[in-house]
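Asker: Residues per chain, in single letters:
There are 2 protein chains.
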Amino acid sequence: MVRPAPAIDAIPATTPFVGPEQLMRECGLRELVRLGANESPFGPSPKALTAMRDELPRLGWYGDPESLDLRDALARKHACEPAHILVGSGIDDVMGLAVRAFVQPGGSIVTTRGTYPTLNYHAIGFGARLTAVDYTPDGTPDLEALLGIARREHPSLLYLANPDNPSGRFIARDDVTAFYRALPHDTLLLLDEAYADFVDPGELLTPHLEERLIRMRTFSKAYGMAGARIGYALTAERNVQVFQKIRLHYGINRNAQVGALASLGDDEFRDRVVAETARARAAYYALAAELGCASIESFTNFVCIDMHTAERATRVVGELLRRGVWIRKPGAPPLDRFIRVSAGTEPMRRAFAEALRGVLAEMPA
Amino acid sequence: MVRPAPAIDAIPATTPFVGPEQLMRECGLRELVRLGANESPFGPSPKALTAMRDELPRLGWYGDPESLDLRDALARKHACEPAHILVGSGIDDVMGLAVRAFVQPGGSIVTTRGTYPTLNYHAIGFGARLTAVDYTPDGTPDLEALLGIARREHPSLLYLANPDNPSGRFIARDDVTAFYRALPHDTLLLLDEAYADFVDPGELLTPHLEERLIRMRTFSKAYGMAGARIGYALTAERNVQVFQKIRLHYGINRNAQVGALASLGDDEFRDRVVAETARARAAYYALAAELGCASIESFTNFVCIDMHTAERATRVVGELLRRGVWIRKPGAPPLDRFIRVSAGTEPMRRAFAEALRGVLAEMPA
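Order-wise, the sequence lines are chains H and Y.
Just so it is clear: in the first sequence, position 125 is 829 by our numbering, and no numbers are missing.
Just so it is clear: in the second sequence, position 199 is 903 by our numbering, and no numbers are missing.
Any copy will do: because identical chains look the same in the list, a pair fits if it lies in one copy or spans two.
With a cut-off of at most 25 Å between alpha-carbon atoms, the simulated SDA-like pairs for lysine to any residue come out as follows: (1) Lys949 / Gln808; (2) Lys949 / Ser812; (3) Lys949 / Ala717; (4) Lys751 / Glu980; (5) Lys949 / Thr719; (6) Lys949 / Met705; (7) Lys751 / Pro761; (8) Lys949 / Gly831; (9) Lys949 / Pro809; (10) Lys949 / Phe721; (11) Lys949 / Glu914; (12) Lys781 / Gln726; (13) Lys751 / Val903; (14) Lys781 / Pro905; (15) Lys949 / Ala711.
In short, the hints are calculated from the structure, not lab data.
Based on the provided sequences and hints, a complete structural model is requested.
Answerer: Below, the structure is given as structure tokens:
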């Protein structure tokens, strides 16, 4: 009898996220207002769309396994060398590589309880020990507590999302820098900057291309290409060479590379997306206030709105889905009493607002 | 200091394949006749192109993590259930998952020396022990020798490509079935059927959806979507559930799923590609005969042509590249004296023929 490897056999069966397509099947819905996965409703830049459309007939060719042109352009954008850049099939892919490369089975990872969970998925998948630290009461990753654990445990890897998902909070550059400098020198900081494009560039970490720091970026959010699966890491050349030994060299869609490259040449579109996303956040803040709910100031393309209890938040998500509006909610305290809604277009925001007003009107406070 | 995990640190630095984009940079070429990676020069089906073009504006959405629609269509095609199908980012991705899931570090894998090398890449990457068996003198995987080793070693996994790459040979269904039945019951047969679409369906294995067999298929070859990165495995439901614990759930490009689904509805296009590929093979056989070279009858979209010695084959590949024609060659005896050329369009075939005639005319026999 063929048995899975014992380490794999021991992993409990899980599905990280239930996708909207499955929810639609289960609920018999033909359409859904997609506000659950922090996807960009503005899609890819027109320049990216044109470039991808023009290149579709050449999809018979494998993509460049070294992403030479894209890495050249990214190196110009980040004032570094192509040798500092690893391109992957989105940040999820890069995170898996980071865990596999830098955490041996039984090794230790420190993260925040309830933050973006795919890091946990990879940690479990590669047999790491996870230690999770609670958010501060206002939903900010608790740098002091993280640092305390890191100094005691000397974890192989510490994960921090900044801006954070699902809270939307942003930790100022100087605080992150001080935190990074204070970490044990045998701990790798895996810094998830998926939402960095929504932050003023002047407030972001300046590149530290050091061996114990991996910064991850994506084309999924401000660039509107989540479906393309393309992201990258900025780090020391040594780390890129380590990834080179284990990454899927032909894993990235050719057209994703084409679109990402063209996107980098359309700052005007990205700026418009960022501005429209700010309008969406403001609309959600106003809606929350109108409904007597608190909301968390967000530096991302989503906003958390307080439903007072976790049970009520779960019910609201379910009731919104029945009305054809798909959102998600944080899974762990103190954020689990919130719902999280992604920035939508104006009509999507209106649909969400109407549905939420209806749901709350029918629900005891 | 941050060190990679010891098992990863121990992996020698390698690049599985040098891509044509890098060769073009190194050689200062602006164009290349791409006949090196068994890509389809016919590209995706027109129906797939239309579907992908129409869906590009929705690339802001993640692809369905369960590939529900595509798996439904594949289940109909293969007369099985969606639960028997794992969709991955090409066969390379599926192979990595199979090694990771079913071969523990230090576990044993048996393969053929010189066959498709990405299996070896994953084996090394996940710390497996590789045992490679030579091809028979005519370049066919040596089932008898593979079986002998398997019975002695009880490997966790045995890899067989049928049709084989790089030889192009095809082992008849009854022989593969007998081989599979004779394998130890604790050995998983990983059957790479990337080129199965070029074989008469009646000559293929009927589905054995058993725990100790994983059949891998791709949209990269006859379907002309190598750049999309999408392939799948047919296997027992238990195995799909094992993969569900470790696969990258959001790893597949949304548009790749759209194109693959549309491709399945265009048998006429696929049949034309298969017929044109047969014409390309015939043209290469005729060219080889004209030049006094032997060739191997192929059941794929490529042909191996005998250059008499490995050194000469290597030189021919280099000289063709200088002339702007990119092919590859097998790396291990007995096939390393061959060059391997992919099926091209008629103009591509002509460019290859002219270049090869020129190269051989200047080269002592």
